[in-house]
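Colleague: So the protein lines, in turn, are chains Z and B. The first sequence: position 115 = 115 (this note's numbering), numbered continuously. The second sequence: position 27 = 27 (this note's numbering), numbered continuously.
Keep in mind that the hints were calculated from the coordinates and are not lab data. A hint or two may mislead.
Claimed, not checked - Think about it this way: if two alpha-carbon atoms lie no more than 20 Å apart in a straight line, the pair counts; the simulated EDC-like pairs of lysine to aspartate or glutamate are:
no. : chain 1 : residue 1 : chain 2 : residue 2
1   : B       : 41        : Z       : 85
2   : B       : 40        : Z       : 8
3   : Z       : 110       : Z       : 8
4   : Z       : 49        : B       : 24
5   : Z       : 107       : Z       : 9
6   : Z       : 107       : B       : 38
7   : B       : 41        : Z       : 8
8   : Z       : 110       : B       : 38
9   : Z       : 114       : Z       : 8
10  : Z       : 49        : Z       : 64
11  : Z       : 107       : Z       : 85
12  : B       : 67        : B       : 30
13  : B       : 67        : B       : 85
14  : Z       : 49        : Z       : 66
15  : Z       : 77        : Z       : 8
16  : B       : 36        : B       : 82
17  : B       : 44        : Z       : 9
18  : B       : 67        : B       : 18
19  : B       : 41        : Z       : 9
20  : B       : 71        : B       : 103
21  : B       : 40        : B       : 82
22  : Z       : 107       : B       : 85
23  : Z       : 22        : Z       : 66
24  : B       : 71        : B       : 24
25  : B       : 19        : B       : 82
26  : Z       : 110       : Z       : 15
27  : B       : 40        : B       : 85
28  : Z       : 58        : B       : 103
29  : B       : 44        : Z       : 66
30  : Z       : 77        : Z       : 9
31  : Z       : 77        : Z       : 64
32  : Z       : 107       : Z       : 8
33  : B       : 40        : Z       : 64
34  : B       : 44        : B       : 82
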Amino acid sequence: AQSVAQPEDQVNVAEGNPLTVKCTYSVSGNPYLFWYVQYPNRGLQFLLKYITGDNLVKGSYGFEAEFNKSQTSFHLKKPSALVSDSALYFCAVRPYGGSQGNLIFGKGTKLSVKP
Amino acid sequence: DTAVSQTPKYLVTQMGNDKSIKCEQNLGHDTMYWYKQDSKKFLKIMFSYNNKELIINETVPNRFSPKSPDKAHLNLHINSLELGDSAVYFCASSQVRSGSRTDTQYFGPGTRLTVL
Chain Z
1 AQSVAQPEDQ VNVAEGNPLT VKCTYSVSGN PYLFWYVQYP NRGLQFLLKY ITGDNLVKGS
61 YGFEAEFNKS QTSFHLKKPS ALVSDSALYF CAVRPYGGSQ GNLIFGKGTK LSVKP
Chain B
1 DTAVSQTPKY LVTQMGNDKS IKCEQNLGHD TMYWYKQDSK KFLKIMFSYN NKELIINETV
61 PNRFSPKSPD KAHLNLHINS LELGDSAVYF CASSQVRSGS RTDTQYFGPG TRLTVL
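All chains should be built: construct the whole structure from the sequences, respecting the hints.
Modeller: Now the structure itself:
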């Protein structure tokens, strides 16, 4: 079965420190991977995606993610966290095949950045 | 100029009622989706739809039905509401080019449904 795992329910970081939110995946075929962020009582906002090419993908708000095929991972990173980055982060994968492109989401990781 | 919009934002209703949630996108996308986010924040696809094909997640009860009056709208109708239907429902859209899986989905703000 195709799936996405976010092993941490919550990540706590001090402002100014680097942050990493982990994601691993299990899919057949080439993975198309996405990160979304959900602020409280808001919808999901697209951050970045990996389709092909450079393993390091840069996205919105200074976030980036590194695709690692051997480790089947797509961790989200930011060099210097901001308090305003505190939110719920979802990793997602597009399943292989099919005519339409619904996403399979991880369970989400709550990021808390303290001043 | 909101890209994907949903109405209402909040919906409180009694068990057994029938309700609808509307979704509109002005991005010119050809595919729309409905997702359900439960109380633990877990997101799961319910439907995906374009002008050619409706794909239904087999776990979705047939009390739920999407209806698309045109390419820019995909409304969600729910019959005989149950307590377990309480959740946040998100609409999304994307442009699915033939042979490509690279499209990005854009989400609406969500509708919080509470069934009493």
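Colleague: Assess, step by step, whether the Cα of residue 110 of chain Z is no farther than 20 Å from the Cα of residue 8 of chain Z, and give holds or violated.
Modeller: Status holds; Cα separation ~8 Å.
Colleague: Does residue 9 of chain Z sit within 20 Å of residue 41 of chain B, going by the straight-line distance between their CA atoms?
Modeller: With Cα atoms ~11 Å apart, residue 41 of chain B and residue 9 of chain Z stay inside 20 Å; holds.
Colleague: With a cut-off of 20 Å on the C-alpha distance, tell me whether residue 41 of chain B and residue 8 of chain Z pass.
Modeller: 14 Å, holds
Colleague: Decide if the proposed pair is consistent with the structure: residue 67 of chain B and residue 85 of chain B, CA atoms, cutoff 20 Å inclusive.
Modeller: With a Cα-Cα distance of about 18 Å, the restraint between residue 67 of chain B and residue 85 of chain B holds, given a limit of 20 Å.
Colleague: Would the hint linking residue 107 of chain Z and residue 85 of chain B be met if the CA-CA limit is 20 Å?
Modeller: 19 Å, holds
Colleague: So if I understand the rule, the pair passes when the alpha-carbon distance is 20 Å or less; does residue 44 of chain B with residue 66 of chain Z pass?
Modeller: 25 Å, violated
Colleague: Would the pair residue 114 of chain Z and residue 8 of chain Z pass a check requiring their Cα atoms to be no farther apart than 20 Å?
Modeller: Holds - the C-alpha atoms of residue 8 of chain Z and residue 114 of chain Z are around 18 Å apart, at most 20 Å.
Colleague: Would you mind confirming whether the straight-line C-alpha gap from residue 40 of chain B to residue 85 of chain B stays at or under 20 Å?
Modeller: 14 Å, holds
Colleague: For a C-alpha distance cap of 20 Å, please report whether residue 40 of chain B and residue 8 of chain Z respect it.
Modeller: Given pair residue 40 of chain B, residue 8 of chain Z holds - Cα atoms ~14 Å apart, limit 20 Å.
Colleague: If you draw a straight line from the CA of residue 107 of chain Z to the CA of residue 38 of chain B, is it 20 Å or shorter?
Modeller: 11 Å, holds
Colleague: Quick one, are residue 44 of chain B and residue 9 of chain Z close enough, alpha carbons at most 20 Å?
Modeller: 18 Å, holds
Colleague: Between the alpha carbons of residue 49 of chain Z and residue 24 of chain B, is the straight-line distance 20 Å or under?
Modeller: Distance ~24 Å between residue 49 of chain Z and residue 24 of chain B Cα, so the pair is violated.
The structure fails hints 4, 29 and 33 (numbered hints given earlier, in ascending order).
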